[in-house]
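With these hints in hand, go ahead and build the complete structure from the sequences.
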Amino acid sequence: MLFLIFVAAPAGTGIHEFGHIIGAKSVGADKMLLSIGVGTIVYRSMWKKINITVRAFFFIGGMACSERKIPYRPRERIRIAVLGPLNSFLATGFCYALYAVYPNGYLLLFLLFNLWIAAVNTIPFRFKGKQSDGYTILRIIMQK
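My numbering numbers the first residue of the sequence shown as 1 and each following residue consecutively.
Rather than coming from a laboratory, the hints here were simulated on the basis of the structure.
From the three backbone atoms N, C-alpha and C, an ideal C-beta is built for every residue, glycine too.
Mixed in with the good hints there might be a few duds.
To be verified - The calculated PhoX-like cross-link candidates involving lysine-lysine, where the alpha carbons are at most 20 Å apart (straight line), are:
#1 Lys25 <-> Lys48
#2 Lys49 <-> Lys69
#3 Lys69 <-> Lys48
#4 Lys31 <-> Lys48
#5 Lys69 <-> Lys25
#6 Lys49 <-> Lys25
#7 Lys31 <-> Lys69
#8 Lys49 <-> Lys31
To be verified - Simulated restraints on C-beta separations:
#9 Glu67 <-> Gly129: 15 to 23 Å
#10 Ala119 <-> Val7: 29 to 37 Å
#11 Ala11 <-> Lys48: 37 to 45 Å
#12 Leu2 <-> Pro71: 40 to 48 Å
#13 Gly28 <-> Phe3: 34 to 42 Å
#14 Phe125 <-> Gly39: 20 to 28 Å
See the structure below:
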């Protein structure tokens with residue numbers, strides 16, 4: 001359980017949110033923020049226009065956002081939203097390949113967490129002001 005809370009969850013969240021950053025970079029974002037956790041900032045860094053922050057409760061969620069002087073087109077916003085779950089699915093596949101060679105409980109837990117975060121984020125839903133990537137994509141498509 002400690003591995004899930006302190007390693008798999010923050011790493012899986014980081015992988016997912018980094019997918020959104022990859023999407024933002026691919027459409028020419030001017031500024032990007034990758035934040036892991038909630039609470040007081042305990043670590044802050046800049047790397048290639050990406051403001052990275054890690055917060056005290058690093059095992060509770062994450063967020064990626066980006067800005068560009070020219071507003072994103074709907075297709076670009078969809079690309080950014082899709083790349084989070086896609087990155088999580090890719091991590092799941094990578095973990096599965098490793099698990100086939102080196103089976104162990106930690107790797108299986110990491111594999112399952114990445115699969116869960118990818119699957120849940122593809123479902124369109126909104127909860128307490130937060131929305132899934134699936135909801136974001138559906139909303140963009142419905143606006144067309």
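Taken at face value, is the distance from the CA of Lys48 to the CA of Lys69 at most 20 Å? Within the cut-off at roughly 17 Å; holds.
Hinted pair, alpha-carbon criterion (20 Å max): Lys25, Lys48. Please report holds or violated. It holds: about 10 Å lies between the C-alpha atoms, which stays within 20 Å.
Determine whether the Cβ-Cβ distance between Gly28 and Phe3 falls within the hinted range of 34 to 42 Å. holds, 38 Å
Taking 29 to 37 Å as the stated bounds, is the beta-carbon spacing between Ala119 and Val7 within them? Cβ of Ala119 to Cβ of Val7: about 20 Å, so the range 29 to 37 Å is violated.
Would you mind confirming whether the straight-line C-alpha gap from Lys49 to Lys69 stays at or under 20 Å? Given that 20 Å is the threshold and the Cα spacing comes to 14 Å, the pair holds.
Within 20 to 28 Å or not, the Cβ separation of Phe125 and Gly39? holds, 25 Å
Assess, step by step, whether the Cα of Lys31 is no farther than 20 Å from the Cα of Lys48, and give holds or violated. Since the Cα atoms of Lys31 and Lys48 sit roughly 9 Å apart, the hinted pair holds (cutoff 20 Å).
Given the hint of 37 to 45 Å, is the C-beta distance from Ala11 to Lys48 inside that range or not? violated, 20 Å
Holds or violated: Lys31 with Lys69, Cα cutoff 20 Å? holds, 9 Å
Pair hint outcome, Lys69 versus Lys25 [Cα-Cα no greater than 20 Å]: At roughly 13 Å apart (the allowed maximum being 20 Å), Lys25 and Lys69 satisfy the hint.
Verify the CB-CB distance for Leu2 and Pro71 against the hinted window 40 to 48 Å. holds, 44 Å
Under the criterion that the straight-line Cα-Cα distance not exceed 20 Å, is the pair Lys49, Lys25 satisfied? Between Lys49 and Lys25 the Cα gap is close to 9 Å, so the pair holds against 20 Å.
Of the hints listed earlier, those the structure fails to meet are numbers 10 and 11, in rising order.
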